[in-house]
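Q: In this text, residue positions in the sequence shown follow this note's numbering: the first is 1423, and each later residue adds one.
Careful, some of the hints might be misleading.
[What the hints assert, rightly or not] As a list, the in silico EDC-like pairs of lysine to aspartate or glutamate whose alpha-carbon atoms are at most 16 Å apart: (1) K1452 with E1503; (2) K1499 with D1432; (3) K1450 with D1501; (4) K1493 with D1461; (5) K1486 with D1461; (6) K1504 with E1451; (7) K1457 with E1487; (8) K1457 with D1432; (9) K1457 with D1479; (10) K1463 with D1501.
[Said to hold, decoys possible] What follows is a set of in silico ranges between Cβ atoms, one per label pair, in the way DEER data are often shown: (11) L1428 with E1492: 14 to 22 Å; (12) G1505 with A1440: 34 to 42 Å; (13) H1476 with E1503: 16 to 24 Å.
Hints were generated in silico from the structure; no laboratory data involved. Given the structure is predicted, the values throughout are model-derived calculations rather than measurements. Here a beta-carbon is modelled for each residue, glycine too, at the ideal position from N, C-alpha and C.
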Amino acid sequence: MKISALPAADEALASANALAPKTDWGRKEKDELVKLVTDRKATITRYEEALSKHDDDTMLASLKEQIDIEKRAANLKRDIEKGAEK
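Turn these sequences into a full structure, and let the hints steer you where they fit.
A: What follows is the structure in structure tokens.
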């Protein structure tokens, strides 16, 4: 998993940090995106650790975290699209 997931997370984080919004709204959305990608990267690491230890409870907790992050991502996408329509 580290071979494919963590480099992609690093790339996503670098891309999010490279954004240069010009409005307060854009800066707020960028901050949310950076936090989201940072949280996703942390959950990947925890999931990898749970897999290596064969810890079912920790794997389940990590999967629940991923579901929450997916919900946050969907909400952020919706908010950005709404803002772009204005």
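Q: Below or equal to 16 Å on CA atoms is what counts here, so check K1457 against E1487.
A: Distance ~14 Å between K1457 and E1487 Cα, so the pair holds.
Q: Given the hinted pair K1504 and E1451, is their Cα-Cα distance within 16 Å?
A: Distance ~12 Å between K1504 and E1451 Cα, so the pair holds.
Q: Hey, K1463 versus D1501, does the alpha-carbon distance stay inside 16 Å?
A: violated, 22 Å
Q: K1499 and D1432: Cα distance at most 16 Å?
A: With a Cα-Cα distance of about 20 Å, the restraint between K1499 and D1432 is violated, given a limit of 16 Å.
Q: Could you grab the alpha-carbon distance between K1493 and D1461 and see if it respects the 16 Å cut-off?
A: Satisfied, since the Cα-Cα distance of roughly 13 Å is no more than 16 Å.
Q: Is the Cα-Cα distance between K1452 and E1503 16 Å or less?
A: holds, 13 Å
Q: 14 to 22 Å was suggested as the range; check whether the CB atoms of L1428 and E1492 agree with it.
A: holds, 18 Å
Q: Using the beta carbons of H1476 and E1503, state whether their distance is inside 16 to 24 Å or not.
A: violated, 41 Å
Q: Compare the distance between the alpha carbons of K1486 and D1461 with 16 Å, and conclude whether the hinted pair is satisfied.
A: Given pair K1486, D1461 holds - Cα atoms ~13 Å apart, limit 16 Å.
Q: Could you say whether the range 34 to 42 Å given as a hint is met by the Cβ separation of G1505 and A1440?
A: Violated, since G1505 and A1440 (Cβ atoms, about 19 Å apart) do not stay within the stated range.
Q: Within 16 Å, alpha carbon to alpha carbon, are K1450 and D1501?
A: holds, 11 Å
Q: Against the 16 Å threshold, does the CA-CA distance of K1457 and D1479 hold or violate the hint?
A: The hint is violated at about 25 Å.
In summary, the structure is inconsistent with hints 2, 9, 10, 12, 13 from the numbered list given earlier, while agreeing with the others.
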